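Enquirer: Sequence:
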Amino acid sequence: MKYMIYLFLLFFFPSLSLWGIDDFPVSEDDFAETFSEQFPSVASGLSGNFVVIWMDEREGDNTIYGQRFTNGGVPIGVNFRISQFSFDENAAPAISMNGEGRFVVTWVLGDDIYARLFDEDGNPLSFAFKVNDNVGHKHASPSGALFDDGRFVITWQDTRNGTWSPDIFAQFYNGDGTPYLSNFIVNDHTGGEQGFPAVTILGYDIFTVTWMDSRNGNFDIYAQSFWWSYPIGSNMKVNDDVADAEQYTPVISKTQSIYRVIVWQDYREGFPNIYGARIEYTGPVETNFRVNDDVDTVYHGNPSVSTIANGYIVVWEDERNGDLDIYAQIYDAAMNPIGSNFKVNTGSDTLSQSFPFVTGNSSNAVVAFQDEKIGECDVYFQRYDSAGVSQGPNTIVTNNLFGAHQLFSSISIPYNGEFVVTWQDLRKQNWDIFIQRLDSSGSLLGSNTLVNDDLLSNEQIIPSIAKDASGNFVSVWMDSRENNWDIYGEMFDAFGNPIGNNFRINDDTLKNDQFFPDCEKNINGGFIVTWNDLNNILVRRYDNNGNPLGNSFKVNDDTIPGFCPSIAISYNSSFIISFTSDVGIYANIFDSTGTPIGTSFRVDDDSSLAQRFSPQIGIDISGNFIIAWEDLRNTEPDIYAQRFNNVGNPIESNFKVNDNGWGTDQYLPSVSVSLQGKFVIAWMDDRDGDLNIYAQRYLADGSSYGQNFKVNNDMGLCQQTDVDISIDNEGKMFFSWTDTRKEISGTDIFVKTIGFETGIQTGNNPMPGNKILSLEVYPNPFTTVVSVKCQVPSAKENISLNIYDLSGRLVKSVPLPLITNHLSLGTAVFWDGRDEKNTLVSSGIYFVKLTQGNRSITKKVVLLE
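Start counting the sequence shown at 0; every next residue gets the next number (numbering that gives the first Met the number 0).
Honestly, the hints are just simulated from the structure, not real lab data.
The structure displayed is predicted, hence computed values, not measured ones.
Treat each hint with caution, since some may be false.
[Said to hold, decoys possible] Derived lysine to any residue pairs resembling SDA-like cross-links, with alpha carbons at most 20 Å apart:
| hint | residue 1 | residue 2 |
| --- | --- | --- |
| 1 | Lys811 | Pro780 |
| 2 | Lys859 | Phe612 |
| 3 | Lys236 | Thr189 |
| 4 | Lys848 | Pro780 |
| 5 | Lys811 | Glu775 |
| 6 | Lys788 | Lys811 |
| 7 | Lys741 | Glu27 |
| 8 | Lys788 | Lys848 |
| 9 | Lys655 | Phe612 |
| 10 | Lys859 | Asn712 |
| 11 | Lys372 | Phe30 |
| 12 | Lys859 | Asp713 |
| 13 | Lys655 | Tyr666 |
Produce the entire structure from the sequences given, and follow the hints as far as they go.
Expert: What follows is the structure, given as structure tokens:
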């Protein structure tokens, strides 16, 4: 860990509360949101009600969200989450709705295509399910179409037959959501490249797919109709130019009479225009037509098309005004234009509007698009009647969102019960560094305070913080104000007042980028900063007034490159810096003047070529130190550590910190050591199916105290990442991390304090002096009834067994029988998927929590339809 433990605190540090303070946020959210919503899609039913979906950053990673609206554009409920895997990247959403309002959403998750069904009230009819039936290949650009009887089809780009010659594949589904046969190929030509498919229904389980295809040496637009998964005829070329011009990104309307309309981006005139064609079963029924009516040689792209009453509407991106706008054109049923092109987005700003998508029915049309008018991208919609007359203004889709992304916290050692947390913050549209002071009760001392003093739109990221016995502290970070990455810092007094201005720490003149700073304060109030410069680790020393003690100097030996350093300072002001090398984890020891004691030495003792990352270091009052890191010696990332005495000799060998088995990942450890030598290591851990913060406590002799325990208290599929930890002289543990549980406010910085002895225990792991709680659920997943077997050591404390949903809401309290003052593991109770009102709950993920006193154990259980 990065924080010095001072002898002063051994005598003067007051006791904090015995049990600690539960999870709470320290970053503020009382400002308009600054995260992006992008790539919208929209669909409507016969009633005119419509659903807008989009890719959303509010939870840190990209997730898929949606919002339902009435025919008049009034929101129905609030934004709802469509994708279920918050710790993976979800992108490229597409939606289709049938006449009664039931809808299917499909999107890309990693390299695969996923989909999910919803009823007309927005209730999920399924879990998110994988569409492609192969593994190990890339899949992209999904599109879906839903029939009125509930059957549906999904199509996508697929590389299973060759990375450089992707094909178009599809999957047909029965009305109950089960696949009909397997994935099938759409294009009948092998070789070349096929991409950007779109699909529409014709009725009677017939559908048409269109895509861009390079079989002729340049990209053309092709189409193919199917009945279920059986082709009707062969692939047909849609564009009618005979030259080698490129055509891209086709989209297709629903059927009107026997006709569908395909529109695309077309370079036949040397510049990107929007072209279209009306087709029937056998192919185009007339020549291609140009949609945009301007004659400028500017960009037009990303078209979308839909049927409306007795005609069609086409929308696209258009640069005729010098920046990206959304334009539209209305057509009658014979594809005669009604009026001229018109602009969809309102206002005269010079910011970009992009990625339009249109849906229509017999009474109106809705255009969804992304807009940068208030900073980051947001999703808007505009309604039109069947004549193309706008109904109401451009309307934002997201609901009353507040907050910004706040990441990568660093937490100081407490002094007199006060501590400081710092992090990077996007609330002002660019990354800044903020701090928050807190007292021992968890009360915020003042408000979030901006640290960096430049007023331009530069980026400040990856902060580190250190505090001394007088309460003064220093924060350092990466800063782009001089058009490259430098290391900057700011000093503060004990009340959080800045001492002077921001100052640059790196003293190079070559304008190399500098990365990943870490800092520590010494017994005299001076401080030391270390960071990464190209392949070297540099360090610079400062006195207690912030004056540099000489220039920066290199840490690593010439033959050993270094990355991502961490620093700890002993009571006599000697210091140790650990870092990642290309072959392992290394460290260097320096005396109080910065003179190296020996050379770089290897920390990990594994001789394999496995990768190792992110070392963190902590030190006790005697100068003994501990280094922890992320290690792939067992193929999957684990947390390993090594203890050293005060002269740098290893104490025993490397040891594994996480106690779970193979098949899960652990990342980015943090370590802190108390004056007496107790230490704690914390890290990110996905053993529960999502990323949580776990920790392990150790006594001064290196023996583990209890087992791994989960730090954060939420039970939903949220992410907790980027943990930092500090420990006081009594062993009280202070954690900070990035948290997504407040979904509508972006990522936040949370804090928790825990007593070393009282701690938190999860799973079946006994703590010293405590007996075991056990919990088993079977079968899992289940469809009707799940058996829950419990064991508690005694009935002297209250016992409860509760069922919670993903949001943490109580679903059911399950009565427990008592048997001879304890519950044995053979004691089973049952949950039949009903809530407290005896109503069947919807399928999904639930959590079974057994609690006795201050101990608990939680198991995840999945209810299927």
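Enquirer: Of all the hints given earlier, name the ones this structure violates by number, lowest first.
Expert: Hint 2 alone not satisfied by this model.
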